[in-house]
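First to last, the protein sequences are chains A and B.
Quick note on numbering: this note's numbering labels position 12 of the first sequence as 13, and the sequence is numbered without any gaps.
Quick note on numbering: this note's numbering labels position 344 of the second sequence as 688, and the sequence is numbered without any gaps.
Derived by calculation from the structure, the hints in this document are not laboratory data.
Please note: incorrect hints may appear among the correct ones.
Not the full set, but computed from the structure, chain B residues with beta-carbon under 7 angstroms of chain A [as the list claims (entries may be wrong)]:
hint	residue
1	H689
2	F696
3	T699
4	G707
5	T722
6	M755
In this text the structure is predicted, and so the values were computed from the model without any measurement.
Note that the Cβ used here is the ideal one computed from N, Cα and C, for glycine as well.
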Amino acid sequence: MSNSYLRENLQENYRNPQNLGRPASYDREQFLANRTCGDEITAYVSSINNKVTQISYEVTGCALCIASASILSQELESKSLSEIAGWNEKSVQELLGTELTINRVKCVLLPLRAIQQALNVIPQNPHF
Amino acid sequence: MQQIDWHRIKTQFPIFQSYPELVYLDSAATSQKPAVVLTAVTDFYSRQNSNVHRGIYDLSELATASYELARVKVANYLGVATREVIFTSGTTASANLVAQSWGAKNVNVGEVILTSLAEHHSNFLPWQLVAQNNNAKLVFTNISSDYDFDYEDFESNLLEFGAKIKVVVLSAVSNVLGYNLDLAKISKAVRTHAPKAKIIIDAAQLVTHSKFTPSLYDLDFAYFSGHKLFAETGIGVLWGKSDLLEQTLPATVGGGMVLSVNREVTTFDEIPQRFEAGTPNIAGAVSLAAAVDYCQELGMDNIEARLHSLTEELVSAMQTIPGLKIYHPEAVSAPVLAFNLEGIHPHDVAGFLNTQHIAVRAGHHCTQILHREILGQTGSVRASLQVYNSAADIAQLARALEDCRNYFSNMK
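When you get a sec, could you build the whole thing from the sequences and use the hints?
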């Protein structure tokens, strides 16, 4: 049925999340949770010479969180660490192409922060 | 019981003129406000505004009279003495007041604070702090497998800890499970087996649908918020037995509650002023008085009956939806219903419902322990009812939940 809750790109990534699952080998992992709603993610990353070579994740959470993790893992792969360090709320909103209310921003930000913390491009912070 | 046109009642709430399509099912978080309450606030600021208890001029007398009249109205509503009604900024402030002013000084090492696994953080954390600071023991009454308060477990806790129990602190109505405590039964059991215990009741979700008379149950302290009962945010009530309040020194101190202040020592005012340091939320108290008037005019009996029948309809409607798990006891109780749709995150349910102009709450509803240990969920969706809701709202919710199920299953 037609409903505006999830845009097409988000639906697709929620239905078939890309890069899902813990890989056989990886450099670092980072667990992060949104305690207010229970979304949880573990990001698994690898990088060589300041470039990301692989991002995957395990996630429990709402559709926005899962879709965001899927889209981000594809977008950020093969980007430089310094570029990823600069990503923020605005970058994610632009990437997802969706207007987010204050209450849902955390859902889509969680995967970004987990990836950034795993890559060590932002400080460790359990309360992201 | 008089016949009330509930559709006309809805028109008394201006928010529904602003948003005619709104199906508001989150009154347990905060209620919408009737025009009479808004008018009372504007009237106060237009014609009576001044600080209270402090001025000699006419305007100040008007403001003081309004504030104290509000106190009298609330006292009459609760059936208690006026001086036992303390205005606070809400349930959370009241709970902290009792815990810090009374609890901190009276709960000793090794004594027991008896509570439940279903408590709202505001009714629990102030006592966790007392337990930590005073080296007291927290004991948690269980929730039964059918989501009710476990009276048997409560009784066995009373028997086990007996005279060691200094505090019994419970919510009269669970803001998630909607169970309605049998306060008479609880009180009787406590007075029998735990002679040293004070009974402290969070009535925040009780007053919204039921008349509450603390003296009927021999309670010691009780509190609630105005904003869930049609008044403004930032105003609440703490009621306490006068002899208890009289023996208690305030934890929050400042202007307006002292007799004499010297360099080293200060003597405090009588109750209730003693617990109202600083300029109070005067307009808030006025709004609460107007809200109490509104409830009394409508008739608390009528409100209770209406919400009871709507709740039954809500539960029935929910039970027809496949894959929907309700967390509430058998006996229909308060107009609060928490649930989950299988395979769909609560945030997604609420987000989807929002596209249909339906407002529900999703998350753990300030009950992390309940969700983790009893429900085994990180969150749930909660719908709650007030006088401006109707069978049509319930039907719309049921339809939208079916649509939500289909939306997500079509995606997989």
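Q: Any hints from earlier that this structure breaks? Give me their numbers in increasing order, please.
A: none
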